[in-house]
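From first to last, the protein sequence lines stand for chains S and X. Letter 182 of the first sequence, counting from 1, is numbered 166 in the numbering used here, and no numbers are missing. Plus 504 on top of the position in the second sequence (first one is 1) and you've got the numbering used here.
Hints were generated in silico from the structure; no laboratory data involved. Careful, some of the hints might be misleading.
[As the list claims (entries may be wrong)] Each pair of labels, with its calculated beta carbon distance range: (1) 734(X) to 429(S): 56 to 66 Å; (2) 648(X) to 67(S): 32 to 42 Å; (3) 304(S) to 620(X): 56 to 66 Å; (4) 67(S) to 568(X): 35 to 45 Å; (5) -12(S) to 684(X): 13 to 23 Å; (6) 582(X) to 67(S): 42 to 52 Å; (7) 468(S) to 587(X): 54 to 64 Å; (8) 460(S) to 664(X): 45 to 55 Å; (9) 624(X) to 429(S): 38 to 48 Å; (10) 390(S) to 738(X): 48 to 58 Å.
Note that the Cβ used here is the ideal one computed from N, Cα and C, for glycine as well.
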Amino acid sequence: MNYKEKIEQLLLSVQKPARYIGGEHGSVIKDKSKIDVRFAFCFPDVYDIGMSHLGMKILYALKNKRENFWCERCFMVEKDYKQVLIDNDIPLYCLESLDPLYEFDMIGFTLQYELSYTNILSMLSLGRVPVLKKDRKDLAPIVVAGGPCVCNPEPLVDFIDIFIIGEGEEVNLELMDLYSEVKKRNGTRQEFLRLAAKIEGIYVPEFYDVTYNDDGTLHSFTPNIPEAPAKIKKRVIADFDNVYFPEYFVVPYTSIVHDRSVVEVLRGCIRGCRFCQAGFIYRPFREKSVDKIKSETKSLCEQTGYDEVSLSSLSTSDHTKIAELLRTLADYTDAENVSLSLPSLRIDNFSDELLERLKTIRKSGLTFACEAGTQRLRDVINKNITEEEILSTCRTAFEGGYTTVKLYFMLGLPTETDEDIEGIAQLAHKILDAYFETPRELRGGSIQISVSTATFVPKPFTPFEFEPQATAEEIDRKQKLLVRRLQSKKIKLSTHQDDTSILEACLAKGDRRMSKAVYNAWLKGCELDSWSEHFHFEKWQEAFDECGLDMAFYANRKRDYDELMPWDHLDYLVSKRFLISENKKAHEARTTRNCKEGCSGCGIDKCYGGVYCGGKH
Amino acid sequence: MAANINRPRNMALRVERFDYRMIFSKTGRARFISHLDLMRTFSRIFKRARIPVWYTQGFNPRLYIMFPLALALGTESDVEIMDISLTEELDESELMERVNAVMPEGMHINKVYKPVMSHKDIAFSEYEIRFCLVSDTDALKSFEEYLSQEQIIVKKHSKKKGEIDVDIKSDVQVLSLDKDGEFVRLSVRLPSGNDKTVNSSLVMDGYKAFSGEEYKLIYTTRTKILTKSLETFI
Ligand code: SF4
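Produce the entire structure from the sequences given, and follow the hints as far as they go.
Structure follows, in structure tokens:
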């Protein structure tokens, strides 16, 4: 009995088997005898989550557009099916060919969040690929990783051969072409890695040596072969309007988290909130033309048959032609009976006519990412939203019958005091008052305000990369204070579990030595860490102890401006000087204007296509 | 064209509807699409094919698609029934062609016509089941023993009473039972309809319980959907 027959039999007895068999509309099947490079695109989480991810859809279609490449999908399996695979001796496989992972030339992971790291190890191991890169001797498979978390890839250097820094649309193909060439002439893994190191945006960790100071901080980070550059610069698509975008999606049978067409309208963010990694690592701000967005929307809607399309970006309202864009899209979606959903939209400066149209497009609850409870602290983090804006938007919305408001905050931000925590409660109560002040005949039946708090996690390449994370005890005290201050049944508080934030901070700011701790934690059974029912903090603590590593050293230590960070060999184009000056301004509660108001000279050259970048070139 | 696929904005407006019955296949990987997901799958298929589907009228308009008989997850079939209403009359072969052009792997429309019978006329399904066992027991002989019992008692899951024992002897009409290479091949007619339904898995799980055997491979295909008088449902 071959694997495929076995898989089909076993699927008769698992939950939602359609997730494990492929064959969806849009999935790409090729004749493998005609393929030069087989690529397994792995999302280190379950199907429902991974299939919702836009980056995967882009790179899947991009690679498959090339006749001699075949890109397939692979996801982490749920515990029940994992056991079935192990019990029946079936390796983890890709959904198109159902071939096991170990048969692929290249295996690529996308790193979207730190808590998915152990899933990478599980997937490699289930796919019978040696988990440790030192145990992989042949050319194939090469294990690569990309995505936002590779901005500090050090905790994963024992498992991944190559990291792809920055935007993947060009460099993925360059890497696969190189692989194809080396494979054709029977070249070795070493040869391939050395040549790969010369490609801009490619980081091959084994070509760098690291030394440490007595206090545990990094002393030096130096290339050990001539091909490896001292600094690896991220890749950026400068001509963003002409970047490849798929004309098709794989349309799943089972429902997934984001089950709709998605069109990317812009990349980068003008705002520079100081805690936000995405706001810095995706710079500069670039956008697509209205025509392009319209034609991409049309072809995707036609191919998928979805009746909903959503716009993807960090902040859609920052598109320079937002009103024209929404009007154009609404004309199309109205005519085609498709609904348009607009996450991350600020409605500050829209005309009444447009607001009226949007109302008919989608009426969802009100959401505010306030992040901090007082104006002072919002200035510290450069979050450009005022209490008056929030309240006036709420008043208008309450008059229009809205009855739910969601507020998001962070706890443990730099310089935070108890007054800032109390500010969260005061803001929620002011919104409640605004509801009761709305005339009865206008407002909806009953109000529900939900306040969510998450623990602040300092991240690399942000002005807060130097900052310590608040300890679990501090966060606990702050949460209790907030509970005491929120005194209405109409206000619901939900707080994020902190142990995961501690681990997130460690993994985000860790160095190479942490790779061993990740391995040990995985050996102890850690996987699916982002699911609270599977998260075992004590196992992680043991793993750190075994490696002689102290979580507090990584998470709770304030770092000097001149400390060598584990990610300082990577160049995300924003200068260290700028990050330091932003950090200083934060401590003085001084804001920085957004890129649209005027360039603040973060260090990005205008050759990268940024709409507002004024730098030299 | 675009205007036709709009659902009526004006709810007072009565839109004429044209009913069609489609006979479709669900084979290969597509047999793992659950009944619940099938509705969503077809609504996207019709959208892709730009078919002017009729929406239910009222507060929350929904595409009118109806599957009179559920197919168990994992069972293949070339005879599944789906009823759909459109807002305009379309040539049946054109309709079939347009839908088939945008179908996923393993799904296909085989026939389209105006409905003749009513759903309550459905009374039986016929299945072909091929299986082999993990052990090297003589599967044919052992399965014959199972079927020739005085009573065939199987465990049935009922919503109200939980697991109950039922005798399905009188419901199981064996049409043929023979060997096909290493497989045993069973052709069987079972009640399926509003009054009574016996799933093929009931019969096959019953055998496992009876014999203590496990299937190494098992493939189930629904081959016919019949009325009380054993005519093909149309
Ligand atoms: S160079 Fe100026 S405009 Fe460009 S991203 Fe940096 S601050 Fe913004």
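Against the structure, the hints:
no. : hint                         : verdict
1   : 734(X) to 429(S): 56 to 66 Å : 57 Å, holds
2   : 648(X) to 67(S): 32 to 42 Å  : 35 Å, holds
3   : 304(S) to 620(X): 56 to 66 Å : 59 Å, holds
4   : 67(S) to 568(X): 35 to 45 Å  : 42 Å, holds
5   : -12(S) to 684(X): 13 to 23 Å : 20 Å, holds
6   : 582(X) to 67(S): 42 to 52 Å  : 34 Å, violated
7   : 468(S) to 587(X): 54 to 64 Å : 60 Å, holds
8   : 460(S) to 664(X): 45 to 55 Å : 48 Å, holds
9   : 624(X) to 429(S): 38 to 48 Å : 43 Å, holds
10  : 390(S) to 738(X): 48 to 58 Å : 53 Å, holds
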